[in-house]
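Student: Sequence:
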Amino acid sequence: MGACLGVCSLLSCASCLCGSAPCILCGCCPSSRNSTISRLAFTFLLFLGVLVAIIMLSPGVESQLYKLPWVCEGAPSTLGVQGHVDCGSLLGHRAVYRMCFALAAFFFFFTLLMICVKSSKDPRAAIQNGFWFFKFLLLLGITVGAFYIPDGSFTNVWFYFGVVGSFLFILIQLILLIDFAHSWNQRWLWKAEEYDSRCWYAGLFFFTFLFYGISIAAIALMYNYYTHSEGCVEGKVFISLNLIFCICVSIVAVLPKIQELQPNSGLLQASVITAYTMFITWLALSNIPDEKCNPNLPITNSTSLEPPEIYTTQWWDAPSIVGLIIFFLCTIFISIRSSDNKHVNSLMQTEESPVMLEGQQEQRVEGRAYDNEQDGVSYSYSFFHFCLFLASLYIMMTLTNWYRPNDITRKMVSTWTAVWVKICASWAGLFLYLWTLVAPLLLPNRDFS
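Under our numbering, residues 1 to 449 are what the sequence shown spells out, in order.
Since the hints were derived computationally from the structure, they do not count as laboratory data. Because the structure is a prediction, the values reported are computed rather than measured. Hints should not be assumed to be uniformly reliable.
Simulated DEER-style distance windows between Cβ atoms [as the list claims (entries may be wrong)]:
| id | residue 1 | residue 2 | range |
| --- | --- | --- | --- |
| 1 | Ser183 | Leu434 | 17 to 23 angstroms |
| 2 | Arg198 | Lys257 | 23 to 29 angstroms |
| 3 | Arg124 | Ile247 | 44 to 50 angstroms |
Derived DSSO-like pairs (lysine-lysine); straight-line CA-CA distance at most 30 angstroms [said to hold, decoys possible]:
| id | residue 1 | residue 2 |
| --- | --- | --- |
| 4 | Lys236 | Lys257 |
| 5 | Lys257 | Lys191 |
| 6 | Lys236 | Lys292 |
| 7 | Lys118 | Lys135 |
For glycine and all other residues, C-beta sits at the position ideal for the given N, C-alpha and C.
Turn these sequences into a full structure, and let the hints guide you.
Tutor: Here you go:
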């Protein structure tokens, strides 16, 4: 009997490894959509790769490996044992670049593979929602192969891929933020009217003033720490321009014509966008390659006794940590979101939450996970993987603090490229938000409900 149960359990595990997303659920998990579980599973693979990159970037791991004479080249030898591995490629920014390259290649492969999948009846949908063990092996294989890429110009070329991908991911973050703010404002206004309670209005006012207060405090701190009375002209211009632009979009958001066409538009959304713009401005200022105008630049110690291959990339400053937190929140939001905003759904290639039929509801209860995409996918498989592809590039730039590799010194240096990319992303984001406000006014014949 025990042998039979063991065989059955083994067969069950094998079917889960090669089967669909419902096998991932445990017995105590609530019933969920097949599409949601698959997205969360792919997001887990992304987070797993990010965790490995963070471990490889840790200076403690780097120093400990160099103490092992049989591991790293250039380490002190004991008993005549010499290391045969270049730990410089296994650790630091070079390891982050290779790990994130593997993640990006993995998700870009699925981006191409899942183009034009219309429903779960497509054979490729089974690959999207199942075969998780083999997906993990594929990611592991790509990761191992990435560490065999010769140094050469790889890191410099991949840096520019990361810059472009991060720019696009910042815009995706803003789209999600606009969607979240619109949904938040609409939901609380509906509750205020439904329950005839002023508490919901008070809550909206409180958070509006809170976000504007955070933005004003951020502006004051940026002027104080990233500018001086003499010099730092670029920082002053960036902060002042973004301040003016945020005031402009806040005024536009409450204009009578805009309110007439979009009754749910208000200062809450504008305050959230303003706070996010100031955050991006802060990230840009933290990359200015001028020690007088940037207190975040690491101090170079020329008398270091470390081996010549060891260079620590200090990514855990305040801007990078906040950026990492926002990255995690936005990536999870991409995995579980379903919006009622048609304009945002069009931009993010998703559909509204599908209405479950009676037969599907029974399947939902019995199987704990149900296929909600038999008649049509609830999100674009290809675009979802493209978002994770961009997220892989964004986290690579975040962990390396947007520093560019230097082939001569093999160190990471701050450049104006990162500054201009972030500033341009903040301007593009403000323009995108402004477009969501004025589009119904400029194009009255289109449906922006």
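Student: Each hint should be assessed against the structure and marked as holding or not.
Tutor: Hint check results:
no.	hint	result
1	Ser183 to Leu434: 17 to 23 angstroms	holds (19 angstroms)
2	Arg198 to Lys257: 23 to 29 angstroms	holds (27 angstroms)
3	Arg124 to Ile247: 44 to 50 angstroms	holds (48 angstroms)
4	Lys236 to Lys257	violated (34 angstroms)
5	Lys257 to Lys191	holds (25 angstroms)
6	Lys236 to Lys292	holds (13 angstroms)
7	Lys118 to Lys135	holds (22 angstroms)
Of the numbered hints given earlier, the model fails hint 4 alone.
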